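Colleague: Residues per chain are reported as follows:
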Amino acid sequence: MTRKRKRLILVLACGIGLGSAAALTLSAFSDNLVFFVTPSDLAKNEHPGRQLRLGGLVEQGTVVRTAANGTAGVRFRVTDEKASVPVVYKGILPDLFREGQGVVVLGSLQPDGVFRASEVLAKHDETYMPKEVADALKKSGRWNPSAGPPPPASTWNEPIKQASGQPPG
Amino acid sequence: MLHRFANPGQFLRLSGKVLPWLYWPGIILTVIALVWGLFFAPNDWQQGDTVKIMYVHVPAAWLASAGYFSLAVCSFISLVWRHPLADLAAVEIGPVGAGFTAVCLATGSLWGKPTWGAWWVWDARLTSVFVLLLLYLGHIALVRAFDDPTRGYRAGAILALVGVINLPIIKFSVDWWNTLHQPASIGLTGAPTIASSMLWPLLFSAIGFTLLFAAITITRTRAAVMERRIRSLLMAQASSATEQEAVS
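In order, the protein sequences belong to chains A and B. The opening residue of the first sequence carries number 1 in our numbering; numbering runs sequentially from there. The opening residue of the second sequence carries number 170 in our numbering; numbering runs sequentially from there.
Keep in mind that the hints were calculated from the coordinates and are not lab data. All values derive from a computational prediction rather than experimental measurement. Cβ atoms here follow ideal geometry from the backbone N, Cα and C, with glycine treated the same way. Heads up, a few of these hints could be off.
Claimed, not checked - Straight-line C-alpha distance at most 16 Å; calculated EDC-like pairs for lysine to aspartate or glutamate:
id	chain 1	residue 1	chain 2	residue 2
1	B	Lys282	B	Asp218
2	A	Lys82	A	Asp41
3	A	Lys44	A	Asp80
4	A	Lys131	B	Asp218
5	B	Lys282	A	Asp95
6	A	Lys138	A	Glu99
7	A	Lys44	A	Asp31
8	A	Lys44	A	Glu81
9	B	Lys282	A	Glu119
10	B	Lys340	A	Glu126
11	A	Lys90	A	Glu119
12	B	Lys221	A	Glu126
What the hints assert, rightly or not - A short list of chain A residues far from chain B (calculated; beta carbon distances all over 12 Å):
id	residue
13	Ala43
14	Lys44
15	Gln60
16	Gly61
17	Gly70
18	Ala72
19	Ser108
20	Ser140
Put together the whole structure using the sequences plus the hints.
Modeller: The following block contains the structure:
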């Protein structure tokens, strides 16, 4: 066996060892690597008083804006379509906050079952859609943004080329 | 075959011919893509103008990972076959890759504030890309930390190969764990979830950035090869001068 061959085998063996070690570590710590828990996770395990992040969609028709002593507040429910958790928050909401939008709220579950948030982040999904397309889809009744995610891009990607007059490249 | 391309003289000849074909199309495509993306592509219905950060952020992110992969390939060749050209290329890829990673993180942060409402969050995607930047910086420091450059090359190559484990973590972090960062809009399988009027400038920008990355890296490697030649010439001159002195 030449020295080059020996080195090649050594490097590959180290790679396999290191790769499996990393894979085992990551799968073991998988629970700690999530950025947020879902409402169903929260329903399964009680975390009263513990600071955590809750993620899901803002449930349709649940957003109530409140204003007390000059600070804007909001009440809404966060849902993952299996469970939903009521959230209260006082402060400035991100621009993208709306019904049907993905959000991640930082706070803790109170004994009364309400999640008191100290921070609200909007989660953007992987769909990038021009304004004209969104308006057309809403107008034609093919999509209601507060009800859920948009239809697949393949269903609206063809019409917009004509509508917006963009050269396809 | 590898030996033929790894010959420094051959590399200088070949890369000299290839370089203009990387620089010019790279510059032209990037300019077209940025003008197209920033001025002609439509705004997103939710993000508004902020979506245009994508035309810099996404190609920078792709090249941060692809650059690290090329660094790892050079490191592998350098460890197993001990090609001096692979050593030089690895040293020269480092700072370029670190630059692209920094651009990716900075533009992402600028996008995150108006979109998410936070400059930075410690989710799996953002954290793994930050680790990538640290790996680049660690590599840059390590290869220069030894008096004997060969030892620096070996140590750097081992670090680079260990760090490869981070690449699948970056790619799949958004699928394996729930993150604030959205999953990929463009994949090898399945239709893209991005309007084609935004996808085209993005693809132009990605190709332009890639060509420029290659051009910058090859230019740096050429400079490193020439530097090494000058050094060995000077040393040969100095030693012949001392020999002559000894004779006279």
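Colleague: Against each hint, give a clear statement of whether it holds in the structure.
Modeller: Here is what the structure says about each hint:
1. The straight-line distance between the Cα atoms of Lys282(B) and Asp218(B) is roughly 13 Å, inside the 16 Å bound, and the hint therefore holds.
2. At most 16 Å may separate the alpha-carbon atoms for a hinted pair to count; Lys82(A) and Asp41(A) meet this at roughly 10 Å.
3. A distance of roughly 13 Å separates the Cα atoms of Lys44(A) and Asp80(A); the hinted pair therefore holds under the 16 Å criterion.
4. Taking the CA atoms of Lys131(A) and Asp218(B), the gap is about 11 Å. The hint holds against a cut of 16 Å.
5. Simply put, Lys282(B) and Asp95(A) have alpha-carbon atoms about 10 Å apart, close enough for the 16 Å limit, and the pair holds.
6. Of the pairs offered as hints, the one joining Lys138(A) and Glu99(A) holds, with about 14 Å between alpha carbons and a cut-off of 16 Å not exceeded.
7. Pair hint Lys44(A) plus Asp31(A) holds up; C-alpha atoms about 14 Å apart against a cutoff of 16 Å.
8. Pair hint Lys44(A) plus Glu81(A) holds up; C-alpha atoms about 15 Å apart against a cutoff of 16 Å.
9. Restraint check for Lys282(B) and Glu119(A): satisfied, since their Cα atoms lie roughly 13 Å apart, inside the 16 Å limit.
10. With a CA separation close to 14 Å, the supplied pair Lys340(B) and Glu126(A) stays within the 16 Å bound.
11. The straight-line distance between the Cα atoms of Lys90(A) and Glu119(A) is roughly 9 Å, inside the 16 Å bound, and the hint therefore holds.
12. Taking the CA atoms of Lys221(B) and Glu126(A), the gap is near 15 Å; set against the 16 Å cutoff, the hint holds.
13. The non-interface label for Ala43(A) is consistent with chain B: the shortest C-beta to C-beta separation is roughly 16 Å, beyond 12 Å.
14. Taking the minimum C-beta to C-beta distance to chain B, about 15 Å, the non-interface status of Lys44(A) holds against the 12 Å cut.
15. The beta carbon of Gln60(A) sits about 17 Å from the closest Cβ of chain B, which is more than 12 Å, so the claim that it is off the interface holds.
16. Chain B leaves Gly61(A) outside its interface by the beta-carbon criterion, the shortest separation being 20 Å against a cut-off of 12 Å.
17. For Gly70(A), the condition that its CB be more than 12 Å from all CB atoms of chain B holds, with the nearest at approximately 21 Å.
18. With a least beta-carbon separation of about 14 Å from chain B, Ala72(A) lies farther than 12 Å from that chain, consistent with its non-interface assignment.
19. For Ser108(A), the non-interface assignment is confirmed: its Cβ lies about 18 Å from the closest Cβ of chain B, beyond the 12 Å cut-off.
20. The non-interface label for Ser140(A) is consistent with chain B: the shortest C-beta to C-beta separation is roughly 15 Å, beyond 12 Å.
In summary, the structure agrees with every hint in the numbered list given earlier.
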